[in-house]
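We have chain A; now place chain B onto it with these hints.
So the protein lines, in turn, are chains A and B.
Residue 70 is where the first sequence starts when you use my numbering, and the numbers rise one by one after that.
Residue 70 is where the second sequence starts when you use my numbering, and the numbers rise one by one after that.
Think of the hints as simulated: they come from the structure by calculation, not from any bench.
Check each hint, because a few of them may be wrong.
Which copy is meant is left open, because identical chains are indistinguishable; a pair holds if it fits in one copy or across any two.
Said to hold, decoys possible - Here are the simulated EDC-like pairs of lysine to aspartate or glutamate, each with C-alpha atoms no more than 16 Å apart in a straight line:
1. Lys480 / Glu280
2. Lys479 / Glu280
3. Lys127 / Glu96
4. Lys127 / Glu481
5. Lys479 / Glu131
6. Lys126 / Glu100
Every value quoted in this text rests on a predicted model; they were computed, and no experiment measured them.
There are 2 protein chains.
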Amino acid sequence: MSKRNVLVAQSGGPSPVINSSLQGVLEACFESDRIESVYAAHHGIEGVLLEELIDMKKQPMEEIRRLRNTPAAGAIGSCRYKLKGENSSDFERIIDVFEAHDVGFFFYIGGNDSMDTANKVRELANQRGLDLTVMGVPKTIDNDLGDEERTLIDHTPGYGSCARYWANIIQNVNEENSGMCTSECVSVLQAMGRSSGFITAASRLADPDREMPLQLYLPESNLSMEQLLDNVDNELIRSGRCIVVVSESFMTDTESQLTDGFGHVEYGASKTTAMQTVVNALNQHGFPVRGQATGQVPGVLQRGVSMHASTVDREEAYILGRKAVEFALSGVNGQMVTILRTSDQPYTVRYDHVPLSAIANSVRYLPKEWIAPSGIDVTDDFIQYARPLIGDSMPKVEMEAGLQRFARIKKEFVAKKLAAYTPCNF
Amino acid sequence: MSKRNVLVAQSGGPSPVINSSLQGVLEACFESDRIESVYAAHHGIEGVLLEELIDMKKQPMEEIRRLRNTPAAGAIGSCRYKLKGENSSDFERIIDVFEAHDVGFFFYIGGNDSMDTANKVRELANQRGLDLTVMGVPKTIDNDLGDEERTLIDHTPGYGSCARYWANIIQNVNEENSGMCTSECVSVLQAMGRSSGFITAASRLADPDREMPLQLYLPESNLSMEQLLDNVDNELIRSGRCIVVVSESFMTDTESQLTDGFGHVEYGASKTTAMQTVVNALNQHGFPVRGQATGQVPGVLQRGVSMHASTVDREEAYILGRKAVEFALSGVNGQMVTILRTSDQPYTVRYDHVPLSAIANSVRYLPKEWIAPSGIDVTDDFIQYARPLIGDSMPKVEMEAGLQRFARIKKEFVAKKLAAYTPCNF
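So that you can see chain A by itself, here it is in the shape it has in the complex (with noise of 0.2 Å):
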């Protein structure tokens, strides 16, 4: 069997660990004697439409290391862009691009929209009779991949280490909020996570003995304003302090915020936040007691900062980019790799792999049998689920003279061997 060549991509919004995942492929990859090069594409799907390709085997392999500690998509960069439908000229760009470097293995680091992508790119080699192995590895901090009963997956790596971001975080509110609440008596959030309420849950982790004045709008629950402030009254005047965690989406007017390249309400670039909405609400309905609301939107610190990175969720993202390359050299194709729990106490999960079209374009919700009655709050059997993906302790991350030694990918391109290309939707 004669080697070929390997191209590795990350698609749409980062997490701490993305890159673990990505240090995974590229060290299983290194290790085989059937594969020759190892591409990465620079941004994503837009770097394979534009040629652009990373030599992985000229890194020096302390930097393949170091990806482990090194959070968001810098290292080799990641993208938003929707390829045109399956059809389009930019499918059919993919597959040049993949002929001309003799590219046998991709694997492609994303979520839901990835996965539709990568499958689609799939069906297409198979139709030109390009042998062409095709394999998904998840990755999104919102965990809405699959489905509810978790017979897919179980979690996406990102979530635990975004999970633990909150948990840590609302804990330090907590604090913040305990000490002033005489002038700054209500603390508002805004978590990330548009329709599913995973993120905005886990701050519920912070607390799992229910001891702090805490209040989760989630999306599932679709709370009204009135039904806030309420609410939030209640407890001003039972604990004379509150701390309310709002989804991204909460009370957003979607109709007139701008949208990314698939569609969905980019809430980042949101005319007026949740958070906004909300303290601004608070503000001006007036409270039983001294004080004032306070807003903080995280944003992409809470997909970004490698300092709350889960160390389980690292390990756990490194394996599956393994596993991925793992599964493709014994046969497996057109599938995603996945992790399924197989305890809960002591936490233990086995890797496996799922049809690139079962994950394709699914949302999974937070289940309703997770949301506690009242609507702003988790019950325990969602902190026995999300607990152990948080882990125990800190992460390591590699410091120097002060800053975050984090991995230095060279950008240098492969030479080009095909004409100049205008993605579709430049």
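Chain B in isolation, oriented as in the chain A frame:
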């Protein structure tokens, strides 16, 4: 000499190391044979007015030691209460409480407003013939105490940790922005500091070699939105992406905003945040390259996230607490303990004291010579000044079952000796 009691209180917005100063005060008091009881006011001066005093000798020593790793003011509470003018009943009440509880030493951990209050309390105690020693302990993330020449104080405890937060997260945001710049090209972050740009300036510590497309909008530069849009345009043409850090007061209509007890605008409660104003202006403006502007408001996270605390800042804050007690026991009165730099390289400091009256209500701005000619950067002299303050290594954060283990101070109050009192501003 008969033993006297101590009262310690915190005031104003907290920092990640405010409790290190508290720990320093407490431990030095516990070691002295001239001090009987040590009381902490619950929620600062409000707790004094309400005679809500926590007996700190009844707390387990391991909890006192945990104050070092406990951010924000939840341990004993702070407040933003402004005492009515010097001859009001509020001031009389404070002296009454001091007399009733035989308080011989008052340690006040706070910023410029607090030093003013401490000074007035001392004057009134003098007038009433009370034997009272008053010492201030500096605290503010804003670094806006004293004079620009730094003869009164080199930097305030709290600033180093807040600066480290910004140095860390700007590194993270750069990974995010460079990874996602083909769809989200401008990352906007809002920093605290209503009139002094020290916090915004600290973002530069993430990138001392100026490799990032980073622009700083300092209050002192007073740039317009048109200038910001021009600057961002130019950077997008140059590198395709941009990171913008704006002070919370940038382009904010202060007239319609909420204020705190001291008349300062509460930017945390803004009707429209500076971030929102800038993100909307950028997205309406339209870019020469593809992509959107997205926004972050870390808010209180920059003054309360223990994972980003500076080890240098923690240690200095602790020593300042101890020094305040040592000076007081040696006969110093009406002074604020201070930290003065003796060398930049290696970084060394000495501890001293300065009159409360010299610090009271001072506001220090970022020196003009530390602002780069462009107005959107700081100079290397600023970097040399601020770099040692963020320390080199990660802080120790005690973890327990995946969560941060903070000090648990029992809120059991000393028996009241006076009739109930309603503070003037309640």
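Hints and how they fare:
1. Lys480 / Glu280: between (49 Å within a copy, 15 Å between copies)
2. Lys479 / Glu280: between (49 Å within a copy, 15 Å between copies)
3. Lys127 / Glu96: within (13 Å within a copy, 56 Å between copies)
4. Lys127 / Glu481: within (9 Å within a copy, 64 Å between copies)
5. Lys479 / Glu131: within (13 Å within a copy, 49 Å between copies)
6. Lys126 / Glu100: Within. Shortest intra-copy distance 11 Å satisfies the 16 Å Cα cut-off; inter-copy 61 Å does not.
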